[in-house]
Amino acid sequence: MRTDPAAAARQAVRAGLPWLLVVLVAVALLGVDYALGKATLVLTYAIAGLGVVVVVGQAGQIALGQAALVALGAYTQAVLVRHGLPAPLAIPAAVLAGALGGVLASLPARRLGGLYFGMSTLAFALIVEEGLARWESVTHGAAGMAVPGFEVFGWRADSTLAQALVSLAALLIALAVCRRLLALHHGRAWRAVRDDEAAAAACGIAPAAVKMQAFLVGGALSGLAGALYAHWIGFISPEQFGLVFSFELLMLAFIGGARRLMGAVWGALVIVAIPPTIALLRDALPGDWARAAGLEMVVFGAVIVAVVLLRPSGLTGRS
Amino acid sequence: MSMLRRFMLALSTSLALGAAVPAGAVELAADEIVVGTVSDLSGPIAMLGVPVRDGMLMRFDEANAGGGVHGRRIRLAVEDAGYDPKRAVLAARKLVQHDKAFAFIANMGTPVVMATMPIILDAGRLHLFPFSPHRATYTPLHPLKFQNFAPYYDYMKAATAHLVRARGYARTCLLYQDDDYGLEVMKGVEAALEGLTRELVERTSYKRGATDFSSQIARLRAARCDLVVLATVVRETVAAMAEARKIGWDVDMLVTASGYSAQTHALGGAAVEGLYGVSVLPHPYAEGASVELAAWIERYRARFNAEPNVWSVMGYTLADLFVRTAEATGPALTPAAFARALESMQFTPDIFGSPIYRFSAEDHLGNRHGRLAQIRNGRWVPITDYLD
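Sequence lines, in order, name chains A and B. Residues in the first sequence are numbered from 7 upward in steps of one, following our numbering. Residues in the second sequence are numbered from 48 upward in steps of one, following our numbering.
There's no promise every hint is true.
What the hints assert, rightly or not - List time: in silico EDC-like cross-link candidates among lysine to aspartate or glutamate, alpha-carbon distance up to 20 Å: (1) 147/B with 79/B; (2) 234/B with 259/B; (3) 234/B with 254/A; (4) 254/B with 136/A; (5) 254/B with 164/A.
Calculated from the structure, these hints are not laboratory results.
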């Protein structure tokens, strides 16, 4: 089938324009450094969001403790880099830690389903957070630990541009891998289990193994995001990876559209970038309104509700 | 063109555009000084964040009403990070680049401070008096970072040693919040007891936000503690003491400066009578206040329609240190010149009864001392001078 090049170009402009607009507005309003700093976090969160999209949107599992998998990646990266391992070499270990964590978190799925399994992922997250706080000899416990900057053979990613580029590269690789997986039998098996587990089993698909695969991939992506997060924030402590973070990631996927990979990117943009943008608008308010505590979060909540009402399938889904 | 490729193209173009423009340097307007703060106005320590911000606003308003500092008005740019380091990083970048903050004062919460401090220092801005017990806020020595609050370790060591010696306690125990704050207090208490050749008899922890302390109190009682040190904040202090009194255990307790608040006796009532606390600044009670303090309390009430508390005093004091140092620096205000002036300043006690704050070129921690107070008849009463 042939497509009209002019129509394709118009479609490309329509789809790309919002991104360009978002970044240009951020640059114009806040300056380059701020916009790039924000972009770095959006891209990093998008990687973790991809993990949720795979587990929740593709495999149809309820995951309430994804932040624990991000934490495993972040701590693995931090500990290895602090022991002198170059950051790029530590990243595979962080990805592996996240993947193994994902496999562990998926084990109850052999016996539990639906909300009960979701509760088990919540318990897993609590155990990981508690474990990180207690294993003081390695993690420095609740006191947290500083993480050195991202360095490759003497080149240090200490500018926001460099950090954004590293995160962008990681996100693009992650997107490409996920896209490939979704096109292969893995993706089809995830969707089959999501749509009807019994029917999938009747077709020769092993639901438990398929769910484990989804968690493995989701965990690996979370581990990668955690590794980068640790470098960009520069200080990690167990409380940063609590339930609030897990729910943020879940919200991210639903806002962006849990069934599409790009949903993670749009969701990350909303979750990470909207509150500081609201803070900017707040500064323009007169008198005591500008210093009202928690105003950003109230407006942010309203934006989320509006998105859910107007786009129930997420920003990238069909309205 | 696929969605992925379109996204790549758009983002790469934007990033390339961004790379073409250099990052901002320290720029001071002729008529304004912007002071930034990354606070917690909606998160777990908002109880501190709001009055600290209001105290700073009040002092800066006073300076502006008097013509500003060498003709420059001071504007406090407040960002709420809600104790979230991710939001804090974005907030710090906004304040540096968009608001052109000259200095940061009273950033709040260890994760927030540790995540934002490198950004602030790398941008050449002053990092002043953060609310974090972390030693990294003043060591290693950095020309632009200054701390005013002693680590919990230092003054809890002094307070515990003083109280144990004075009252002859034989079995000291600890109830602590399971985070960097609690651990810092634990180290201080252990060091104090080690100096007295005693041991911490029992220790038990809780997670931030806990409301039920029955198991912890039962455990401490079983250990026959005669002094319980509390590394708690207000609500937990009240809950722990109320639980002890409820089961008929009349043990003495000592809380850190985080529990030294008027809300402690307002919420706890009779249950917290006799509680010892460490104070790094006294609470501003209207009753019995000096003429100057009473006038200050009235001004605060009129401005914010709220009662001032110890956190308001802290905010006001920090802003006052900034104003006085900026005045001493002179019209040619730069971060380096401000830092040099601060290193040579000595701040004598004020209307609140603050300790003496003193910095030097070798030491950027302005105070290491707290004093003991006790709740008597529903208010905190100082019972010692600042302890060495």
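Hints, one by one, checked against the model:
Distance hint between residue 147/B and residue 79/B is fulfilled; the C-alpha atoms sit about 10 Å from each other, no more than 20 Å. Simply put, residue 234/B and residue 259/B have alpha-carbon atoms about 25 Å apart, too far for the 20 Å limit, and the pair is violated. Under the criterion of a C-alpha separation no larger than 20 Å, the hint pairing residue 234/B with residue 254/A is inconsistent with the structure, at around 35 Å. With a C-alpha separation of about 10 Å, the suggested pair residue 254/B and residue 136/A falls inside the 20 Å cut-off, and the hint holds.
As the CA atoms of residue 254/B and residue 164/A are separated by approximately 35 Å, the hinted pair breaks the 20 Å bound.
In terms of the numbered hints stated before, the structure departs from hints 2, 3, 5, listed from lowest to highest.
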